[in-house]
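Engineer: Can you build the whole structure from these sequences, using the hints too?
Residue numbers (the numbering used here), protein chains in the order written: chain P, 1 to 278; chain W, 1 to 290; chain U, 1 to 342.
Everything labelled a hint here was simulated from the structure, so no lab data went into it. Worth double-checking, as some hints may not be accurate.
Below are the DSS-like pairs computed for lysine-lysine, each with C-alpha atoms no more than 30 Å apart in a straight line [claimed, not checked]:
#1 W:K182 / P:K5
#2 U:K334 / U:K285
#3 U:K334 / U:K217
#4 P:K5 / W:K99
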Amino acid sequence: MKEKKALHRFAIALMFLYLFMPLIATFLYSIATDWHDTVLPKGLTLSWYVKLFQDVRFVAALGRTLFACSVAVGLNIAVIVVSLFIVSLYLPKLERFLQAFVMLPYAIPGVIGAVGLIKVYSSGPLAISGTVWLLIGAYFVVILPYTYQGTRNSMRTVDLPQLVSAAELLGASKPKAFFKVVLPNILPGVMVAALLSFSVLFGEFVLTNLLVGGYYETVQIYLMRRMRESGHLSSAVVISYYLFVFCLSWIALKLGQNFKNGNFDNLRGKKYELPHYR
Amino acid sequence: MIVVRGTWAQISKNLWLAGALLPLATMIFGFELLPIMGMLIDSFRADDGNVWTLGQYITALKNPYYLVAIKNSLLISLLSSFIAIVAAAFVAYFVTRLKPKSQETVLTYVNLTANFAGVPLAFAYIIMLGNSGLFTILFQRWGLDIFSEFDLYSWSGLVLIYVYFQLPLAILLLYPIYFEIKEQWREAAHLLGASDMQFWLQVGLPVIMPGLVGTFSILFANAMGAYATAYALVGSNYNLLSVRIGALISGDVYARPHLASALAMLLALSLIAAMLTNEYMMRQVRRDLK
Amino acid sequence: MSYLIIDKVTKKFDGTVVLNEISLAVERGELVTLLGPSGCGKSTLLRCIAGLNEVDGGRILLNDRDITYLAPRKRGVGMVFQSYALFPNMTVYENVAFGLKMQGLKGDRIAARVREMIDLVGLAGKEESYPRELSGGQQQRVALARSMIVEPDVLLLDEPFNALDAKIRKMLQMELKNIQKKSGMTMIFVTHDQEEALTISDRIFVINEGRVAQSGKPLEIYSQPASEFVARFIGNFNVLKGEEFERLVGEPLFSGKSLAIRPEIIKLSLNGENGKGHNGSWRIKGKVVGVFLKGNILRYRVRSKDSILDVDVLNNSMDCSLNYDTSVDLVIPKDEVKVLNL
Ligand SMILES: Nc1ncnc2c1ncn2[C@@H]1O[C@H](COP(=O)(O)OP(=O)(O)OP(=O)(O)O)[C@@H](O)[C@H]1O
Ligand SMILES: [Mg+2]
Chain P
1 MKEKKALHRF
11 AIALMFLYLF
21 MPLIATFLYS
31 IATDWHDTVL
41 PKGLTLSWYV
51 KLFQDVRFVA
61 ALGRTLFACS
71 VAVGLNIAVI
81 VVSLFIVSLY
91 LPKLERFLQA
101 FVMLPYAIPG
111 VIGAVGLIKV
121 YSSGPLAISG
131 TVWLLIGAYF
141 VVILPYTYQG
151 TRNSMRTVDL
161 PQLVSAAELL
171 GASKPKAFFK
181 VVLPNILPGV
191 MVAALLSFSV
201 LFGEFVLTNL
211 LVGGYYETVQ
221 IYLMRRMRES
231 GHLSSAVVIS
241 YYLFVFCLSW
251 IALKLGQNFK
261 NGNFDNLRGK
271 KYELPHYR
Chain W
1 MIVVRGTWAQ
11 ISKNLWLAGA
21 LLPLATMIFG
31 FELLPIMGML
41 IDSFRADDGN
51 VWTLGQYITA
61 LKNPYYLVAI
71 KNSLLISLLS
81 SFIAIVAAAF
91 VAYFVTRLKP
101 KSQETVLTYV
111 NLTANFAGVP
121 LAFAYIIMLG
131 NSGLFTILFQ
141 RWGLDIFSEF
151 DLYSWSGLVL
161 IYVYFQLPLA
171 ILLLYPIYFE
181 IKEQWREAAH
191 LLGASDMQFW
201 LQVGLPVIMP
211 GLVGTFSILF
221 ANAMGAYATA
231 YALVGSNYNL
241 LSVRIGALIS
251 GDVYARPHLA
261 SALAMLLALS
271 LIAAMLTNEY
281 MMRQVRRDLK
Chain U
1 MSYLIIDKVT
11 KKFDGTVVLN
21 EISLAVERGE
31 LVTLLGPSGC
41 GKSTLLRCIA
51 GLNEVDGGRI
61 LLNDRDITYL
71 APRKRGVGMV
81 FQSYALFPNM
91 TVYENVAFGL
101 KMQGLKGDRI
111 AARVREMIDL
121 VGLAGKEESY
131 PRELSGGQQQ
141 RVALARSMIV
151 EPDVLLLDEP
161 FNALDAKIRK
171 MLQMELKNIQ
181 KKSGMTMIFV
191 THDQEEALTI
201 SDRIFVINEG
211 RVAQSGKPLE
221 IYSQPASEFV
231 ARFIGNFNVL
241 KGEEFERLVG
251 EPLFSGKSLA
261 IRPEIIKLSL
271 NGENGKGHNG
281 SWRIKGKVVG
291 VFLKGNILRY
301 RVRSKDSILD
311 VDVLNNSMDC
321 SLNYDTSVDL
331 VIPKDEVKVL
341 NL
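Structural biologist: This is how it looks when you write it as structure tokens:
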């Protein structure tokens, strides 16, 4: 019995070694002055990070990423919240139908999506290929499953129809009920979904590269282009990126716990279910 | 009068509802359905886009170049999924034997690494095992010849890196499945004379088999659709289906969007096939689930 | 020497003692019951006998073998769980055949035995069903058949009928008793339902806090409780302090002791009726302060000089039940008043 416990621990430790080795190596590389033929780096420095954030090109890429992600997430959340509000209040029968379309992007790898998007938008009346607008449209669809599930779950938890009826009985109009009662109640859950979506998009590479790669340099594209030039600088990019995503997840986790509405668990469960980095 | 007024109210309300749902419908149509339909149609068109033909599919399946790409993709997906699921089957089970608190901690960390994929991952591996990677040089200096054979930019490197991003996913997917095995089944089996091995073969594995098969098909799909990691590691040089598709639509010189559409359709078909196989297998293995 | 001997077995969980040097012996072919309140260690004892829990001290002997440290599958012990624990991926037939297969016996050679066993538990025709297609009672029959077919030296049953409704439970109790007598298998049955224990057992071990509080035939246990704990747990006895009882009957007899009086041996009569007390009994006055209908029995709660006594009378529909505050006389036969050791 005891022996087996040791075996279990050993196997789990081995797995962690395998899983964390790349992260650790990258981190050490990003704070090393020079490191190529020794067991440990020769010296430690933060200068790569300083250099990185002084690099105009990187800051511009960061700005582009933040812009595209924010617009896509903001737009998506607004549209999804309004649509789900209406559907669950007036057209509950439509929900299953809507769900099928909304969850579909889960199952479609980015490369397939890119083929269709380029076909439709590279010519004809809406030739927005190579612009950020096409990217935002694509991002919008990519995060639909996450925002939809998060929003729907929080609306379920607060029992939206009943909540609205209660507000109306107390004399509020529908729009007023929406802004004063519904929104504050579902906000935490929606926020969690938004943060999750944001971190998904932050790591998106396939669609970005294929749709706008040459014209719109995001952080991921920047990393791709520069990783063979300067290993140390690129390590700093990777670690910064990773820390950022980590912070987003952490905030989301805290939000989910604070409001104790279980949304985050649902989302996390979903996140386990299907991969999103294609 | 009242009836008419009622109808008007009805109509205006419906219009209002439809108007509010329009943005979502437009986005889904424009960026999801339209592209899929466009791709479907394109795949049946010749390169000039004017003639209906099965030519693109014939090229995709006859031309050795694309055929090899398909074969490579299937191979690496099956292989990496297999390795990952076998490793994860053990590790996930070991995790379930820990104290509940430790289980949660382990899963949190695994979840952290599940986010590490794509370009950053490829980069990390280049730092470690690339031509002048940290370990590569260390191994050379220590004279460890076994590793001198290893080439990150070849098949074995690609498998290593695919397994890396499949493993956390596999663990997270398999972990809950083990809770379907009740402790008392194991006790009952032992009291009836079964050894540990016999218990797993007769009861444990059959019980979790649907979960294993389902997880395998998700991993397979994940690997088939993977693009970023391979692309970042070997560019368009390595012959994988997803990388080929990417090159066919983005390469300005030899862009062939119609062929890309046909290949993308084949990729989609393989994913659907994986899903159907999953369901079929499940029913075969566990007749009691019907 | 007895067939199964538990000798001073101790079991602790994280330092808390659950089995406290418990000792008991079971004869071959007996059906004994471990009876006790929830958490007293009944399941733990069974699991120690089966080898599913390691003991911290003491010995377990079965059929002249010391099995204390043997692996569960080598002990010749069978077990039926409260939650059935049927293998969900196997049919009824496969479940029952499992143990024989593990002995390396092949398909055709075991078919007859499996069918016979399925017949015995009354499930003929259900061979190809899966567990989830069966009712709770049927599932428990399968579990019974599955454990019995390998003919264990002793079969342990841990509250096997707890999840079933009262009617099916009664029926299965009788069936189990029959099957046990027919097969002559030694069985240890765990329950916290005294009625169940009294119905089916050859002998009962009353367990409290990890020790045997009393053992004996059902009738013995029921009519001669050895301690206040057993008296209260078994038969809704009226348990009184000696001094209390002396005040009631006005005779100094039982100082410093506890007494137990079964509710059904107390006779109840209206005041004045049947005026004289017998030599062999005490007569005391009281007032009805509660009436409870328990099917064929009416239980009156009677107060007499600050003491409360429960009295059971047959619910004879001719008799109108007595109202609250009715003054009554209680007649208590002297030789039915049990002095408790503890
Ligand atoms: N695996 C365990 N770890 C820690 N404590 C345990 C474990 N199993 C049992 N116990 C403790 O041992 C005591 C006896 O438990 P046991 O299950 O034997 O009671 P029981 O008599 O079967 O009760 P019940 O009638 O409720 O089934 C309980 O206090 C229980 O909390
Ligand atoms: Mg118990």
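Engineer: A separate judgement is required for each hint: does it hold in the structure or not?
Structural biologist: Hint by hint, here is what the structure shows:
{"no.": "1", "hint": "W:K182 / P:K5", "verdict": "19 Å, holds"}
{"no.": "2", "hint": "U:K334 / U:K285", "verdict": "16 Å, holds"}
{"no.": "3", "hint": "U:K334 / U:K217", "verdict": "24 Å, holds"}
{"no.": "4", "hint": "P:K5 / W:K99", "verdict": "11 Å, holds"}
Hint compliance for this structure: every hint is met.
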